[in-house]
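Participant: Using the sequences plus the hints, can you model the full thing?
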Amino acid sequence: MTATKLDTERTTPPPIYPAAREPRYVGPRRNVFNGLSHVALVVWAITVTLPILWTFLGAFKSNTEIFGDPFALPDQFRLDAWGRAFTKAHIGQYMLNTVIVVAFSTAGTMLFGSMAAYVLARYKFIGNRLIYYIFVAGLVFPVFLALVPLFFVVRNLGLLNTHLGLILVYIAYSLPFTVFFMAAFFRTLPTSVAEQAMIDGASHTRTFFQIMVPMAKPGLISITIFNVLGQWNQYLLPIVLLSGEVENKWVLTQGIANINTSAGYEADWPGLFAALSMAIIPMIIVYVIFQRQIQSGLTAGALK
Amino acid sequence: MRQGKYRFVIGFLAIPVTLYAVFVIGPYAQAFYIAMTNWRGVSANPKFIGFENFTRLFQDEVFWKAVSHHVVLLLVLPLFTLGIALFLAFLINVAGGSRGGAMRGIWGSKFYRVVFFLPQVLAVAIVGVVFLQIYRPDGTGVANWLLGRFGHDPVLWLTDTWPLPQVNIAFLTIISVMVWQAVGFYVVLFSAGMSSIPAEIYESAALDGCGQLRMFFSVTLPLLWDTLQVAWVYLSIAAFDGFILVQIMSTETGGPGKATTVLPLEIWEKAFNFARFGYASAMGVALFFMTLTFAALALRVTRRERIELS
Numbered sequence: 042m043t044a045t046k047l048d049t050e051r052t053t054p055p056p057i058y059p060a061a062r063e064p065r066y067v068g069p070r071r072n073v074f075n076g077l078s079h080v081a082l083v084v085w086a087i088t089v090t091l092p093i094l095w096t097f098l099g100a101f102k103s104n105t106e107i108f109g110d111p112f113a114l115p116d117q118f119r120l121d122a123w124g125r126a127f128t129k130a131h132i133g134q135y136m137l138n139t140v141i142v143v144a145f146s147t148a149g150t151m152l153f154g155s156m157a158a159y160v161l162a163r164y165k166f167i168g169n170r171l172i173y174y175i176f177v178a179g180l181v182f183p184v185f186l187a188l189v190p191l192f193f194v195v196r197n198l199g200l201l202n203t204h205l206g207l208i209l210v211y212i213a214y215s216l217p218f219t220v221f222f223m224a225a226f227f228r229t230l231p232t233s234v235a236e237q238a239m240i241d242g243a244s245h246t247r248t249f250f251q252i253m254v255p256m257a258k259p260g261l262i263s264i265t266i267f268n269v270l271g272q273w274n275q276y277l278l279p280i281v282l283l284s285g286e287v288e289n290k291w292v293l294t295q296g297i298a299n300i301n302t303s304a305g306y307e308a309d310w311p312g313l314f315a316a317l318s319m320a321i322i323p324m325i326i327v328y329v330i331f332q333r334q335i336q337s338g339l340t341a342g343a344l345k
Numbered sequence: 027m028r029q030g031k032y033r034f035v036i037g038f039l040a041i042p043v044t045l046y047a048v049f050v051i052g053p054y055a056q057a058f059y060i061a062m063t064n065w066r067g068v069s070a071n072p073k074f075i076g077f078e079n080f081t082r083l084f085q086d087e088v089f090w091k092a093v094s095h096h097v098v099l100l101l102v103l104p105l106f107t108l109g110i111a112l113f114l115a116f117l118i119n120v121a122g123g124s125r126g127g128a129m130r131g132i133w134g135s136k137f138y139r140v141v142f143f144l145p146q147v148l149a150v151a152i153v154g155v156v157f158l159q160i161y162r163p164d165g166t167g168v169a170n171w172l173l174g175r176f177g178h179d180p181v182l183w184l185t186d187t188w189p190l191p192q193v194n195i196a197f198l199t200i201i202s203v204m205v206w207q208a209v210g211f212y213v214v215l216f217s218a219g220m221s222s223i224p225a226e227i228y229e230s231a232a233l234d235g236c237g238q239l240r241m242f243f244s245v246t247l248p249l250l251w252d253t254l255q256v257a258w259v260y261l262s263i264a265a266f267d268g269f270i271l272v273q274i275m276s277t278e279t280g281g282p283g284k285a286t287t288v289l290p291l292e293i294w295e296k297a298f299n300f301a302r303f304g305y306a307s308a309m310g311v312a313l314f315f316m317t318l319t320f321a322a323l324a325l326r327v328t329r330r331e332r333i334e335l336s
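In order, the protein sequence lines correspond to chains A and B.
The numbers in the numbering used here rise by one with no breaks, and the one at position 279 of the first sequence is 320.
The numbers in the numbering used here rise by one with no breaks, and the one at position 147 of the second sequence is 173.
No lab work stands behind these hints: they were computed from the structure.
Note that the Cβ used here is the ideal one computed from N, Cα and C, for glycine as well.
Watch out, some of these pointers could steer you wrong.
To be verified - Quick list of the computed label-pair ranges, beta carbon to beta carbon:
#: 1; chain 1: B; residue 1: R240; chain 2: A; residue 2: T88; range: 21 to 29 Å
#: 2; chain 1: A; residue 1: F250; chain 2: B; residue 2: L105; range: 30 to 38 Å
#: 3; chain 1: B; residue 1: F243; chain 2: A; residue 2: T229; range: 30 to 38 Å
#: 4; chain 1: A; residue 1: G168; chain 2: B; residue 2: R240; range: 35 to 43 Å
#: 5; chain 1: B; residue 1: V327; chain 2: A; residue 2: Y174; range: 16 to 24 Å
#: 6; chain 1: A; residue 1: T302; chain 2: B; residue 2: P180; range: 16 to 24 Å
#: 7; chain 1: A; residue 1: T128; chain 2: B; residue 2: P163; range: 52 to 60 Å
#: 8; chain 1: B; residue 1: F243; chain 2: A; residue 2: I325; range: 32 to 40 Å
Claimed, not checked - BS3-like mimics (lysine-lysine), calculated; alpha carbons at most 27 Å apart, straight line:
#: 9; chain 1: A; residue 1: K165; chain 2: A; residue 2: K258
#: 10; chain 1: B; residue 1: K284; chain 2: B; residue 2: K91
#: 11; chain 1: B; residue 1: K31; chain 2: A; residue 2: K258
#: 12; chain 1: A; residue 1: K165; chain 2: B; residue 2: K91
#: 13; chain 1: A; residue 1: K129; chain 2: A; residue 2: K290
#: 14; chain 1: B; residue 1: K284; chain 2: A; residue 2: K258
Facilitator: Here's what the structure looks like:
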């Protein structure tokens, strides 16, 4: 009971700021400064959006139009490049692969990461600190150091060129941040609720899944977003662990990078732009819907 | 209940610790040994050769080129990213004046924050391919089209190595993409810091006749110092990477003539294109010690500040 109450308290939205109205005092100097501020802000907003808009536009153009005025509209909005990107360039397949890999790896990361974090944060036992610091040390190690042995470990386990191998490696490399952050989060939760549940006869496992996990929801959401984005955007691990022989298993990022090289040979530039657009649009939609959670999720590490 | 505790602890730790040991700790530990072998080729028999890889590494011109590029990144990446982000965050948060005890953001501040942060959610690899098209060498890319409007000849963005071997156009072009993508993250980070600065401080400063420029340097910057240090540490760690953009955007893997190469790219190329596993691991060890030294240094600098403040 108490757990649900705490939970609702935690997720209450922050106070809404009063709607922006005319400033109290508008001097001429303030006005000029305000105007110049907008100019600078708009310039950066254009710098950010223009490359993306140009990519979208290119997806509807013909090859000759792409080499013309970059911001001229195409004489007709062609959709054939999208079809080519989806089927011939396998963007649909790459996207499906990415969804499968990220769904399993993020779920695994969150499950195993919070299990380890919970035990390390709330239970006293020999070796607790040691295991915790070994996990946290993973935050500073550059993954490039492990690259060669990792390749052979995955190969020797027979997991090279498989999605399972990629998923397990994603989980393993996401654990340091997840354990670090979730352990800090579990430490801030009150102990009384869990103790009460134990007195009432709940097992350790049940206490974790039915009491602690719901209480930790805000932290879990932030770190889930962090892991989804991080794993969706992975490029290094796929190009090392899913080689050229298994093109049908590739993820989106490595697929796009490859289309980039082949677009040059085949001179199918609209196809490349359509492929890029198809990779970018889902990210923008997800971002627009969850932008508040994403911003707090990604900056969570810095503001801990 | 107590007897169940250890079973529970072991049960919960078994899978995560096993995964972590097999795929993370094991490989890291092995890398130090592999770095001291002459392992070449997938099936060859590696022999222990001590520090030979390292002596060869220190005479390797490409290695030093890559290191010098990290030095450039360490200086240029934070300078531009933090400079632009601070400026934009200040405009967004402080230029709107104060209201109800807190500095009110400029009109449309929420919109700006959402737009600026957008590049952060896009995959670096995809951003790299987009900018590869924007920086096309002829007049058809956006960058050269813009220059053309001002009557400038097309620039060979990614193949020109003028003026210095370390600081050349090709490398700066790649850095510009890193800055483009990173700025929004730090705008949001600084906005969070700036919104916690009480408005009275700004108001009394304004009453004392403090202009916007002074306001920024005398009020905002000192009160944001903690956040700024965190940001600097983050970007410094990022300065030891750069793999994805260089791999995708540079010609001939870190070229032309290794003018844009970075250590992670050299490690990857030596290992997976040339199968020189021993040598690649030695490079990984070098990168590890550079990152570690820097992380320790950064931790010391930031910790000292924190003690002074409390």
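Participant: Quick check: which numbered hints come out false for this structure?
Facilitator: Numbers 2, 4, 7, 12 and 14 - these are the hints that the structure violates, sorted from lowest upward.
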